[in-house]
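Q: For the protein sequence lines, the chains are G and L, in the order given.
When we follow full-length UniProt numbering, the leftmost residue of the first sequence carries the number 1, and every step to the right adds one.
When we follow full-length UniProt numbering, the leftmost residue of the second sequence carries the number 1, and every step to the right adds one.
No wet-lab data here; the hints were simulated from the structure.
Incorrect hints may have been included.
With a straight-line Cα cutoff of 20 Å, these simulated PhoX-like cross-link-like pairs (lysine-lysine) come out [what the hints assert, rightly or not]:
hint	chain 1	residue 1	chain 2	residue 2
1	L	K171	G	K87
2	L	K575	L	K320
3	G	K87	L	K320
4	L	K556	L	K537
5	L	K349	L	K394
6	L	K392	L	K349
Given next are the chains, with one letter for each unit.
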Amino acid sequence: MSSITDVESTLSRISSHKGVKGVLICNHSGSAIRSSLPSDITEQYSALISQLAAKASSVTRTLDAEDDLTFLRIRSKKHEIMVAPDKEFLLIVVQDPEMGGE
Amino acid sequence: MSESKYADPDPQTDPIDPSYKQQPLPGSSSYDDSNNDQPSSESKLDPENDDDSTSTDALPPNPPKISPFTDFSNPPTLLQPPTNSRFHGSLTTDTSTSCDLLTSKDTSTQAIMTSSSGVQVDFKADAEHCKPIKKHCKEDKKDDENDDYDDDDYEEEKGGDENADLLNFLKKVAPGMLDELRSNLESQAFDNVEKDWGGIGSSENTVDHLHSLTLDWSKIEITAKQHNNGSLNDFGRNEAKINTAAEEEIPGLETTGVAWNATGAIIIATFGLLNNPGWCNSRGALAAWNLTDRNFSSRKPSVFVEHSSHLMCVIAHPVKPAVFVAGSFNGEILVYDTSLPSPLTAASKIDDYFHREPISSLSFVPDPVSNGSYVLVSVSGDGKVLFWDIDKLKAPTRGVMVLKESKENSPRLGGSALATQGEGGGDLWVGSEGGRVVRVQGRDKAPAKPGKMKACDMKWSTNALQAIYRVPAHQRDELIRLIEKRAKSDKRRGVDLSAIYAARPPFSSIFPVGTVFSYRGHEGRVGGIDCSSFSKKVFATGGSDGEVHVYNMLSKDPIRVLEGRGAVSAVKWSKTRSSILAWAGEGGVVVSDVINGEETTLSPAWKEPTSTNSSSNDDENLDDAPPAPSTNSIFSSLFKPATFSSLAFNGKVRNLIAAGDANGVVHVWRLPQDLVGRTNQISEEQARRCEERSDELRIR
Numbered sequence: 001m002s003s004i005t006d007v008e009s010t011l012s013r014i015s016s017h018k019g020v021k022g023v024l025i026c027n028h029s030g031s032a033i034r035s036s037l038p039s040d041i042t043e044q045y046s047a048l049i050s051q052l053a054a055k056a057s058s059v060t061r062t063l064d065a066e067d068d069l070t071f072l073r074i075r076s077k078k079h080e081i082m083v084a085p086d087k088e089f090l091l092i093v094v095q096d097p098e099m100g101g102e
Numbered sequence: 001m002s003e004s005k006y007a008d009p010d011p012q013t014d015p016i017d018p019s020y021k022q023q024p025l026p027g028s029s030s031y032d033d034s035n036n037d038q039p040s041s042e043s044k045l046d047p048e049n050d051d052d053s054t055s056t057d058a059l060p061p062n063p064p065k066i067s068p069f070t071d072f073s074n075p076p077t078l079l080q081p082p083t084n085s086r087f088h089g090s091l092t093t094d095t096s097t098s099c100d101l102l103t104s105k106d107t108s109t110q111a112i113m114t115s116s117s118g119v120q121v122d123f124k125a126d127a128e129h130c131k132p133i134k135k136h137c138k139e140d141k142k143d144d145e146n147d148d149y150d151d152d153d154y155e156e157e158k159g160g161d162e163n164a165d166l167l168n169f170l171k172k173v174a175p176g177m178l179d180e181l182r183s184n185l186e187s188q189a190f191d192n193v194e195k196d197w198g199g200i201g202s203s204e205n206t207v208d209h210l211h212s213l214t215l216d217w218s219k220i221e222i223t224a225k226q227h228n229n230g231s232l233n234d235f236g237r238n239e240a241k242i243n244t245a246a247e248e249e250i251p252g253l254e255t256t257g258v259a260w261n262a263t264g265a266i267i268i269a270t271f272g273l274l275n276n277p278g279w280c281n282s283r284g285a286l287a288a289w290n291l292t293d294r295n296f297s298s299r300k301p302s303v304f305v306e307h308s309s310h311l312m313c314v315i316a317h318p319v320k321p322a323v324f325v326a327g328s329f330n331g332e333i334l335v336y337d338t339s340l341p342s343p344l345t346a347a348s349k350i351d352d353y354f355h356r357e358p359i360s361s362l363s364f365v366p367d368p369v370s371n372g373s374y375v376l377v378s379v380s381g382d383g384k385v386l387f388w389d390i391d392k393l394k395a396p397t398r399g400v401m402v403l404k405e406s407k408e409n410s411p412r413l414g415g416s417a418l419a420t421q422g423e424g425g426g427d428l429w430v431g432s433e434g435g436r437v438v439r440v441q442g443r444d445k446a447p448a449k450p451g452k453m454k455a456c457d458m459k460w461s462t463n464a465l466q467a468i469y470r471v472p473a474h475q476r477d478e479l480i481r482l483i484e485k486r487a488k489s490d491k492r493r494g495v496d497l498s499a500i501y502a503a504r505p506p507f508s509s510i511f512p513v514g515t516v517f518s519y520r521g522h523e524g525r526v527g528g529i530d531c532s533s534f535s536k537k538v539f540a541t542g543g544s545d546g547e548v549h550v551y552n553m554l555s556k557d558p559i560r561v562l563e564g565r566g567a568v569s570a571v572k573w574s575k576t577r578s579s580i581l582a583w584a585g586e587g588g589v590v591v592s593d594v595i596n597g598e599e600t601t602l603s604p605a606w607k608e609p610t611s612t613n614s615s616s617n618d619d620e621n622l623d624d625a626p627p628a629p630s631t632n633s634i635f636s637s638l639f640k641p642a643t644f645s646s647l648a649f650n651g652k653v654r655n656l657i658a659a660g661d662a663n664g665v666v667h668v669w670r671l672p673q674d675l676v677g678r679t680n681q682i683s684e685e686q687a688r689r690c691e692e693r694s695d696e697l698r699i700r
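The whole structure should be built from the sequences, with the hints applied where relevant.
A: Shown next, in the form of structure tokens:
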């Protein structure tokens with residue numbers, strides 16, 4: 001059970017960071033595993049971002065076979081979506097950097 | 001590789017279970033329900049934080065009963081311990097269904113739906129399902145050994161605690177993520193990006209005053225002194241500075257020239273006084289701001305160099321992004337490379353055969369002989385137009401005299417402005433202090449590979465031979481004798497360009513008359529000339545009589561006369577839109593559409609510091625809090641009507657224009673799209689698109 005609390009505490013540490021609007025973990029097939037966001041938004045994020053991350057890593061590896069995607073960030077008008085992909089899971093953090101700055 | 005999986009939609013995609021929407025999600029708490037809106041505050045996300053918001057790093061003493069993180073992998077109730085088969089069920093069914101998530105939002109609910117409705121999948125079957133994913137990973141990974149190990153380990157791990165996996169994963173990525181979150185808040189990378197969206201409500205159709213670049217003389221003093229000493233010593237010039245920096249008062253210099261570099265990122269300005277009555281014994285300066293630099297500050301230029309006399313004009317090298325050429329009040333041509341610690345790389349001497357008077361204008365023309373290189377053209381108040389190779393500033397390669405008429409003995413014109421046609425080393429247009437505007441023959445008559453002259457005894461360099469070819473035939477022999485005699489007495493081994501000038505040949509023979517045509521001109525000093533980059537025949541002039549003329553190069557009288565609103569000291573054609581002409585002067589900076597007559601005045605309207613990003617950033621960048629003297633000078637300058645002395649369109653970032661004013665401030669504006677776009681049709685199309693977009697928004 002200790003690993004559960006550790007997972008939770010790490011996630012809450014991230015989500016309590018300035019400007020963070022949501023944290024979610026999903027697997028590479030796009031299903032969410034943990035999320036701090038409402039369910040419908042979680043689904044959208046996990047499904048769409050995991051595909052984008054897959055595409056991004058495929059692009060990276062096509063450009064250079066020895067390379068691989070390690071981090072993906074999407075800057076939008078409202079948010080910055082940051083994705084840390086790993087072999088099994090993706091950590092997705094949605095941040096509003098403007099809000100955090102003030 | 002991986003996208004191929006997504007490219008083929010699985011035909012077995014299940015229809016959506018209608019019961020799903022009503023069914024409460026596993027683990028979704030009341031907290032989740034209250035947060036339909038995305039921009040929910042962070043404190044809500046983490047209930048723990050409400051009590052003790054300062055210690056965010058503290059671990060919760062007990063596992064929270066209601067976790068803020070919806071655990072989608074768990075079965076419907078949290079009390080029921082997760083079974084592996086369920087978790088895997090969610091994994092595998094989803095693998096096959098998530099493929100068309102991008103097109104249909106509803107299918108994205110599939111994964112959770114199947115897991116929450118408790119589809120039981122046999123563990124073995126599940127493991128088989130999982131394997132393709134693993135294999136897929138393996139194919140892409142390089143180190144197979146490592147992967148094999150994982151593969152063996154895989155089932156055990158899955159059989160074990162999946163939270164351990166999650167924890168390992170988080171341990172790996174969380175520190176990096178936290179770092180990114182932190183740096184994201186501090187990053188200024190996107191500070192000015194928002195303005196460029198170009199959508200509704202953006203600044204697309206208004207003129208934006210972006211920056212007021214100023215020099216804070218009090219702060220620069222010390223560093224500048226070192227710079228100046230360094231460059232002088234390095235360069236080994238004899239001229240001592242007349243005043244030491246300490247004795248000198250902080251000069252109230254004007255901006256005499258502005259230029260954008262080849263990449264459009266750096267703006268460079270020269271400082272001096274345009275109406276210096278006599279001998280100039282105070283310092284001038286050159287400063288460069290890199291607008292894209294993350295440490296950009298409008299009061300701290302990225303490069304600052306002082307010079308022993310006022311600098312009068314500046315031009316950027318058309319290709320090399322760090323190379324700039326400035327002209328000084330004393331007649332020196334100075335080449336700066338801002339990428340070097342000591343930026344002054346070369347300077348011309350002051351000589352009767354070079355420039356003796358303030359250099360009023362500079363221009364680069366493509367070298368007609370060697371492809372890809374450029375010739376520098378300079379004009380000064382002494383009536384000479386000289387051509388230089390900026391790598392060999394010892395002596396000009398050639399020169400022409402600017403006279404009132406094309407006759408030998410007509411008076412010289414003190415050149416005040418120069419324009420060159422973009423292509424070829426053809427004609428030049430020169431404006432004079434007295435208001436004359438003349439066309440000057442700029443074509444080189446000398447052959448590219450001159451043959452040896454009979455009269456030559458010594459070895460002549462190619463440049464020197466070319467110079468002799470330019471001399472009228474009947475004077476050549478005499479001139480060669482004169483030059484060789486001098487060269488021998490100077491114990492030179494051969495004759496090069498500097499040997500020719502050292503021999504003091506008669507002016508008329510070495511500098512032919514360049515004037516070929518005279519235009520109506522102005523009633524006062526010609527402040528600026530510029531050739532259109534679209535039409536080879538069109539050029540425009542601006543004069544202190546307050547008029548702007550647009551000429552066809554073949555006719556004496558202007559084809560259009562525009563009211564300049566006070567003396568005009570710089571004229572520039574837009575590089576992107578053929579009908580746009582801008583001028584700067586007493587009346588401010590005016591951007592005019594020559595065809596339809598619409599004029600836009602760019603005012604240096606000083607907004608409150610909060611409204612411009614640049615100024616608010618400056619306060620952060622400059623550590624010492626209240627920037628006292630410099631802002632005062634800015635504010636006081638606002639109450640005087642600013643007189644602009646120089647102007648430059650950005651060649652790369654098409655909508656930027658810069659102008660320097662008489663108070664030493666360089667202003668940067670962003671022009672609206674309809675003054676920048678290539679044709680009217682484009683801007684109309686953009687307007688249409690804009691309307692469509694606003695319609696869409698309204699419908700929503």
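Q: Each of the hints needs a verdict: does it hold here or not?
A: Each hint tested on the structure:
At most 20 Å may separate the alpha-carbon atoms for a hinted pair to count; K171 (chain L) and K87 (chain G) meet this at roughly 13 Å. Note on K575 (chain L) and K320 (chain L): the hinted pairing holds, with a Cα-Cα distance of about 19 Å set against a maximum of 20 Å. Restraint check for K87 (chain G) and K320 (chain L): not satisfied, since their Cα atoms lie roughly 45 Å apart, outside the 20 Å limit. A distance of roughly 13 Å separates the Cα atoms of K556 (chain L) and K537 (chain L); the hinted pair therefore holds under the 20 Å criterion.
This hinted pair checks out: K349 (chain L) and K394 (chain L) have alpha carbons roughly 7 Å apart, not beyond 20 Å. For the given pair, K392 (chain L) sits about 12 Å from K349 (chain L) by alpha-carbon distance, which is consistent with the 20 Å threshold.
Consistency note: the structure conflicts with earlier hint 3 alone.
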